[in-house]
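Here is how the chains run, residue by residue.
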Amino acid sequence: MDLLTDIATTLVAQMQKPTLAFLIGGMMLAALGSKLEVPEPVYKFVVMLLLLKVGLSAGISVREADLLALALPAVLAALVGIAIVLIGAVTIAKLRGVSHMDGMATAGLFGAVSASTLAAGMAMLEAEGIRYEGFIGALYPFMDIAALVTAIVLARMAAARKAATSKNLQGGTITMGGGGGFGGGFDGKMVGGILRDTFQSAAISALVLGLALGIFARPDAVYESFYEPLFRGLLSILMLIMGMEAWSRLSELRKVAHAYVLYAITAPLVHGLLGFGAGLIAHHFTGFSAGGVVLLAVMASSSSDISGPPTLRGALPEANASAYVGSSTGLGTPVAILSIPLWIWLADLVIGV
Amino acid sequence: MDLLTDIATTLVAQMQKPTLAFLIGGMMLAALGSKLEVPEPVYKFVVMLLLLKVGLSAGISVREADLLALALPAVLAALVGIAIVLIGAVTIAKLRGVSHMDGMATAGLFGAVSASTLAAGMAMLEAEGIRYEGFIGALYPFMDIAALVTAIVLARMAAARKAATSKNLQGGTITMGGGGGFGGGFDGKMVGGILRDTFQSAAISALVLGLALGIFARPDAVYESFYEPLFRGLLSILMLIMGMEAWSRLSELRKVAHAYVLYAITAPLVHGLLGFGAGLIAHHFTGFSAGGVVLLAVMASSSSDISGPPTLRGALPEANASAYVGSSTGLGTPVAILSIPLWIWLADLVIGV
Amino acid sequence: MDLLTDIATTLVAQMQKPTLAFLIGGMMLAALGSKLEVPEPVYKFVVMLLLLKVGLSAGISVREADLLALALPAVLAALVGIAIVLIGAVTIAKLRGVSHMDGMATAGLFGAVSASTLAAGMAMLEAEGIRYEGFIGALYPFMDIAALVTAIVLARMAAARKAATSKNLQGGTITMGGGGGFGGGFDGKMVGGILRDTFQSAAISALVLGLALGIFARPDAVYESFYEPLFRGLLSILMLIMGMEAWSRLSELRKVAHAYVLYAITAPLVHGLLGFGAGLIAHHFTGFSAGGVVLLAVMASSSSDISGPPTLRGALPEANASAYVGSSTGLGTPVAILSIPLWIWLADLVIGV
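Residue numbers (the numbering used here), protein chains in the order written: chain A, 315 to 667; chain B, 315 to 667; chain C, 315 to 667.
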């Protein structure tokens, strides 16, 4: 009984933290049919400021960082991104009622990273006084891009194979060995296209711009007088928006297969554990901090809500956007944000924070 | 002669306060035909931040407040809201050139509360170093909703009576006693609808969200690092917008009956006195602070400029919006804001600040 | 060799300053095809806040300033604005491939002042710890309006002369001495119209409003808690936008005569020297500060990017906007901002900062 009280108390204390409280507040507003809305241009600007802040902060740290200490987590982040998509290929993409294309798009989105969720993780660590490597923000693109590229390449290859098979069956022309060669050239060009699309997207641009300014310029004064002080407040606004958005996406999710609901609820936890494990490896070899391990878990747990969807829409136009966006924004993101305290608790248990 | 100089000096000093100066600056810009404008999305966001701030601040205070100390001012606030509408029913709604429906809508708007005017009052008290109860923001919905519900119910009942009468006169079916029964059911459903519309409106949602977060969560850190420091500056922007808006509404007012001009100029002062009196009662029984008395007067004096109009437009579509919005935004709001120093002076005279 | 290393080091250090770094970052984002964009309403609001800040700051200083100390720089600023347009009349307006009307519009824009560039200059002086007169912001309208009025009057007069000549040649009615009389009345009315348009423009309205509030009201508290702290950060956003804008305008510039490119690159330097010289005169006679001399050079060097174009479009609809806006925003503004360190260096050399 005491244990239950304890768990309940901890849970309530977590819900009362500004980040989660604003998220839940947004969901309740949407559930109660409130007409409150944050205008689109303001939303875009808030996201841009947050990403610039995360990028600047990471860039300023990278400037002084031991690049070897950065290398291992970066490689691990990319591997986690790829692993998440491969897990998706044998789970969600095989489930009943889910087309292979839709399943891969969803897996790609869950492998990609949500800057907002990452920012929420950072804010919660800071509120708890837990230290983390400043360069963490620089790991974001490694995991994000690895996941998106893997998902899109696999989905396109499967579609090409299927098209070739059906063509052959229908008695079309025989392409001898051409499939491989075509696939290779096709892939190279396609990967280039995905990379370009991803780097040109508003979210990654803002993050990389902040990173570049942090590394190559001296934006410390403006960072400390503007970007840093506004961070918490703007994040509270973003959480509010994401809560409202999540609630309104839930209804879209109801229209597609139940498989998505199952995946969207369990995947953030499984992926988070994967990221946590990768973080532990880095902790063992390079002394990666406990806070860093938590943030790697948060990144892996999160699914892309801003930069991912347009990239996927461009690269996989056949995929059902309401399926992958619904499961990501409607369930995946709230689950990922609400599970941040879990990773903090786990890190404390395993390595002590 | 000395007295006149004194009054003139005080008046000028008041006009120089940031809140009033930005309001007057906005009016002058509009009068001079400036093309300066604050884009709509920014305006909505500024209002949302201000309301969240007022709500959060009230919520944090309510958390620690003696609920009994809150109860009396809340009941008084609701009574003042109802009284203002009843006064309107025998003044503006009876004046020549004013239809009953338009008069009641105007009275409802003047009974409802302007969060911006309330925020201006708070900023001016803080600038003068006058203390007030932190929970004041929580009184807003009591007065606001009581006034809107009373006005809409009275207007709808009068319209139903009139329709029934004209039907009977035209030889329609005779409804024996049915009017009352119908009216009752009709009212209950209607009051529910008004309550729902009011709580779902952007303004009340933001305020109640802030209130709920302040009471049930722990947003103190983000409140102190973001919402509180930005408050004065965002209010200066809002005053600028309201000044420009007031000037441009004045021309609409010219088109409707002069009765509105008379009402819009005198009502804020009469209503403010009513609120001041209610505040004095609370002061006598529960030690309600002088600053609280001032803010109750400011609330009563103010007329709703953000949440009220859409509620009224929804509930009383027959009423002439340019009449009630024109008299409220064009004259009522500037008069209410400009008379804030009067309540401070009066509170100092009567109970000492 | 050492000297070259020295220059390169200094150049890199300047580029790393937040103001320039964000400008260059914006240009690189646009060059790389990034989809990042600052929504229009946010952009307008950022500019408005910056102009209010510059105005308020100037107004607060003017309140305490020796008006005689202000008078000489103000007259000199106006003279510099006129001189720039007269130089333009014998350079850009005479170059091959440039119509007289287009040339005068371009000269007017380069004579007018960019508030953003001025703000960048102020931020860079403050970062270097160089003092300047607080009233500098009040000089802006003198140079800006003098240049616009001169350019428009000269362009209109030339067009009227040309029309009269061609009419006469075509055997039209002979107007004896009437040209002058008509021109006079026409000019007076036109100058009034330009003044009204300029003062009503969003940029000058915001600046003059800030100035008026600073002089006649007491906005010091809100200035220090809001406008001043946000200044650097908002400026970094504006520089980002201006960098992106400059890059995208460059392509428009390619379509018009090469003369514009030549003018847009050299004019900011020549005009800056002119402003610097005017500043030295003021320094000699009234002890105008070294920082003030730099800012007069920056104002003269800058070309109007916000308030100028709409004024010119209204007054000289025949002029080719892509020519004058392209050369101003695409080249003139980046050159002006990038040359700010030059004026600081020159001021240090000549009078010591």
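There could be a bad hint or two in this list.
A pair holds if it fits inside one copy or across any two, identical chains being indistinguishable in the list.
[Claimed, not checked] Lysine to any residue pairs mimicking SDA-like chemistry, simulated, CA-CA at most 20 Å apart: (1) LYS349 - GLN514; (2) LYS349 - PRO543; (3) LYS358 - LEU548; (4) LYS476 - GLY506; (5) LYS349 - SER562; (6) LYS476 - GLU632; (7) LYS503 - VAL570; (8) LYS358 - GLU542; (9) LYS358 - LEU544; (10) LYS349 - PHE513; (11) LYS358 - ILE555; (12) LYS349 - ARG627; (13) LYS476 - HIS572; (14) LYS349 - LEU509; (15) LYS476 - ASN634; (16) LYS408 - ILE579; (17) LYS358 - ASP511.
These are calculated hints, taken from the structure and not from any lab test.
Right, here's what the structure says about each hint:
For the identical chains of this complex, LYS349 and GLN514 are inter-copy neighbours only, at 6 Å across copies versus 33 Å inside a copy, given an alpha-carbon limit of 20 Å. Taking CA atoms no more than 20 Å apart as the test, LYS349 paired with PRO543 passes in neither setting, with 29 Å inside one copy and 27 Å between copies. In this assembly of identical chains, the alpha carbons of LYS358 and LEU548 lie at most 20 Å apart whether taken from the same copy (11 Å) or from different copies (16 Å). Proximity of LYS476 and GLY506 under a CA criterion of 20 Å is satisfied in neither setting, with 23 Å inside one chain copy and 58 Å between copies.
Proximity of LYS349 to SER562 under the C-alpha cut-off of 20 Å is restricted to the intra-copy arrangement: shortest distance 12 Å within a copy versus 26 Å between copies. For the homomeric pair LYS476 and GLU632, the shortest alpha-carbon distance inside one copy (14 Å) is at most 20 Å, but the shortest distance between copies (60 Å) is not. Proximity of LYS503 and VAL570 under a CA criterion of 20 Å is satisfied in neither setting, with 33 Å inside one chain copy and 36 Å between copies. Taking the shortest alpha-carbon separations for LYS358 and GLU542, only the intra-copy value of 18 Å comes in at or below 20 Å, while the best inter-copy value is 23 Å.
Proximity of LYS358 and LEU544 under a CA criterion of 20 Å is satisfied in both settings, with 15 Å inside one chain copy and 19 Å between copies. Taking the closest pair of Cα atoms, LYS349 and PHE513 come within 20 Å of each other only across two copies (9 Å); inside a single copy the shortest separation is 35 Å, beyond that limit. In this homomeric assembly, LYS358 and ILE555 come within 20 Å of each other (Cα to Cα) both inside a single copy, at 11 Å, and across copies, at 14 Å. Proximity of LYS349 to ARG627 under the C-alpha cut-off of 20 Å is restricted to the inter-copy arrangement: shortest distance 15 Å between copies versus 29 Å within a copy.
For the homomeric pair LYS476 and HIS572, neither the shortest alpha-carbon distance inside one copy (25 Å) nor that between copies (55 Å) is at most 20 Å. Proximity of LYS349 and LEU509 under a CA criterion of 20 Å is satisfied inter-copy only: 14 Å between copies versus 38 Å inside one chain copy. For the homomeric pair LYS476 and ASN634, the shortest alpha-carbon distance inside one copy (18 Å) is at most 20 Å, but the shortest distance between copies (55 Å) is not. For the identical chains of this complex, LYS408 and ILE579 are intra-copy neighbours only, at 17 Å inside a copy versus 62 Å across copies, given an alpha-carbon limit of 20 Å.
For a Cα distance limit of 20 Å, the shortest separation of LYS358 from ASP511 inside one copy, 18 Å, qualifies, whereas the shortest one across copies, 28 Å, does not.
In summary, the numbered hints that this structure violates are 2, 4, 7 and 13.
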